[in-house]
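Under the working numbering, read the sequence shown as residues 1208 to 1594, first letter to last.
Treat the hints with caution; some may be incorrect.
Unchecked claim - No farther apart than 27 angstroms at their CA atoms in a straight line, the calculated lysine-lysine pairs in the BS3-like style are these:
| hint | residue 1 | residue 2 |
| --- | --- | --- |
| 1 | LYS1483 | LYS1458 |
| 2 | LYS1462 | LYS1362 |
| 3 | LYS1326 | LYS1423 |
| 4 | LYS1423 | LYS1362 |
| 5 | LYS1396 | LYS1462 |
| 6 | LYS1462 | LYS1414 |
| 7 | LYS1326 | LYS1287 |
| 8 | LYS1296 | LYS1326 |
| 9 | LYS1326 | LYS1362 |
| 10 | LYS1290 | LYS1396 |
| 11 | LYS1423 | LYS1458 |
| 12 | LYS1287 | LYS1396 |
Said to hold, decoys possible - Simulated DEER-style distance windows between Cβ atoms:
| hint | residue 1 | residue 2 | range |
| --- | --- | --- | --- |
| 13 | GLN1387 | PRO1507 | 25 to 31 angstroms |
| 14 | GLU1436 | LYS1458 | 17 to 23 angstroms |
| 15 | LEU1386 | ILE1309 | 58 to 64 angstroms |
| 16 | PRO1506 | LYS1458 | 20 to 26 angstroms |
| 17 | GLN1267 | LEU1386 | 37 to 43 angstroms |
| 18 | LYS1458 | THR1577 | 28 to 34 angstroms |
| 19 | ARG1262 | ASN1334 | 30 to 36 angstroms |
| 20 | GLY1457 | GLY1572 | 27 to 33 angstroms |
| 21 | ASN1305 | LEU1386 | 30 to 36 angstroms |
None of these hints come from the bench; they were simulated from the model. The beta carbon of each residue, even a glycine, is placed where N, CA and C say it ideally should be.
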Amino acid sequence: MALYRSHFSQFFLVMLLFAARLLYAQPEEETWDELEYFQNRNEPYHIFADSLDSREQWNQERLTTLVGNVRLVQGDLTLKADKAWIYHKAERTLLEGNVHIIDERGEITADYGTYDRAKRFARLRGNVHAADSVYSITSQFATYDQPSQVAVADKQVQLTDTQNHITLTGDRLRYERTLQYAVMTGSPKLVRHAPEDTSTITITAEKMELFQTERKAVATGNVVIERDEMTATCLVATYYDTDERLVLAGKPQAKQGQNEMAADEIRFFFADRHLKRVELQGNSQAFYLPADSLAGEIPPSTVAGDSIGILFENDQIQQIDIAGHALSVYFPDDPDQRGNWNRSQGEHIRLLMQDGKPERIKIEGGAAGTYQFLEKGNHERNGKSPL
């Protein structure tokens, strides 16, 4: 029952860094204000354009219009556009055409940009793109509200992480900086494919959330995790980064080839991204076949109980512990034993595995067993079933 290595850790880091870099939000002691040339910085700002027209409007509003190769520079921040309108009284700036916001951290581009200094609210729209040396973020709209410290990217949101080879897409991402919380909605989908790994992992859900303080990521609603032949489904998947633990809840099921498992809750434990242990809690059952078995030749062996623990080493099952109404049904895959089976039950069953097959069994508490052995070459089951 070789399962999969988790890449939810990449998902956690991607969501964290995406949220942190969205519109280049700064560390806690800084604010969006420091990215805007109109804010209270000691450094002067410089205006460059092919033409400049500044006049007072009928409502006593002074409007400065900049046209052609517009550049607004303050310190290490540069804003570029084809056109810009500065409303001095309303404290509002509009940028149009090839908008660029550049500093030492990276660059944001868009078709249009506005900033309302009074409300401390920034908006970008049209082919919004933000990039640094590792991350590239695109959307059609992006906003940042400085008082609430909430950033939102809307419509066709896509994050590309070139370092971890991850693409995360969705329709809307909201980041609440004060709460250290980010959520992606609108059919979010995460895809990872690394050149050194022949497999691709895909995660889809109705919602993906990051809780930065708790260091956990949660996918909710019709969650599907796919990697090669493995597919896992559930209603809620939670990854805890501190101890590399993935918990599937809400009718969780996992299937790989002819191997399946289901329970009220399934927990996966990893070390350095390698699967080390699986725990099934409540109405637990698993069906397995050795990797070299042919479909249809023998039924899958079964383990069931109140809980099941599975230990792995080098991605191979080493031990299975079944507790509470424990049941084990084993069908040998040896051609000479075809049609044989054994059924064991008790309060606790331990199976020691070798090459995907039980090598030793230990039963405690009300041990009972049934065994069927057929003559060599006779594969009929005499109408009996071990299940």
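Verification of the hints:
1. Between the alpha carbons of LYS1483 and LYS1458 the distance comes to roughly 22 angstroms, so the proposed pair stays at or under 27 angstroms and holds.
2. Restraint check: the Cα-Cα separation between LYS1462 and LYS1362 comes to about 33 angstroms, which exceeds 27 angstroms; the hinted pair is violated.
3. At roughly 33 angstroms between alpha-carbon atoms, LYS1326 and LYS1423 are farther apart than 27 angstroms, so this suggested pair is violated.
4. Proposed proximity of LYS1423 and LYS1362 is supported: the alpha carbons are some 25 angstroms apart, at most 27 angstroms.
5. For the suggested pair LYS1396 and LYS1462, the alpha carbons sit about 20 angstroms apart, so the restraint of at most 27 angstroms is met.
6. A threshold of 27 angstroms between alpha carbons decides the hint, and for LYS1462 with LYS1414 the separation of about 23 angstroms falls inside it, so the pair holds.
7. For the given pair, LYS1326 sits about 22 angstroms from LYS1287 by alpha-carbon distance, which is consistent with the 27 angstroms threshold.
8. For the hint pairing LYS1296 with LYS1326, the CA-to-CA distance comes to about 13 angstroms; that is within 27 angstroms, so the pair holds.
9. At most 27 angstroms may separate the alpha-carbon atoms for a hinted pair to count; LYS1326 and LYS1362 meet this at roughly 24 angstroms.
10. A distance of roughly 37 angstroms separates the Cα atoms of LYS1290 and LYS1396; the hinted pair therefore is violated under the 27 angstroms criterion.
11. Straight-line distance between C-alpha atoms of LYS1423 and LYS1458 comes to about 21 angstroms, which keeps the hinted pair within the 27 angstroms bound.
12. The straight-line distance between the Cα atoms of LYS1287 and LYS1396 is roughly 33 angstroms, outside the 27 angstroms bound, and the hint therefore fails.
13. Distance hint for GLN1387 and PRO1507: a CB-CB separation of about 45 angstroms, inconsistent with the stated range 25 to 31 angstroms.
14. In this structure the hint that GLU1436 and LYS1458 lie 17 to 23 angstroms apart at CB holds, the actual value being about 21 angstroms.
15. Under the hint 58 to 64 angstroms, the C-beta atoms of LEU1386 and ILE1309, about 29 angstroms apart, miss the expected range.
16. In this structure the supplied range 20 to 26 angstroms holds for PRO1506 paired with LYS1458, their Cβ-Cβ distance being about 24 angstroms.
17. Range check, GLN1267 to LEU1386: Cβ separation about 41 angstroms, and the 37 to 43 angstroms hint holds.
18. The beta-carbon spacing between LYS1458 and THR1577, approximately 31 angstroms, falls within the hinted interval of 28 to 34 angstroms.
19. At about 32 angstroms, the beta-carbon gap between ARG1262 and ASN1334 stays in the expected band of 30 to 36 angstroms.
20. For GLY1457 and GLY1572, the Cβ-Cβ distance of about 31 angstroms falls inside the hinted range of 27 to 33 angstroms, so the restraint holds.
21. The hinted range of 30 to 36 angstroms is satisfied by ASN1305 and LEU1386, whose Cβ atoms lie roughly 35 angstroms apart.
The structure is inconsistent with the numbered hints 2, 3, 10, 12, 13 and 15, although it conforms to all the rest.
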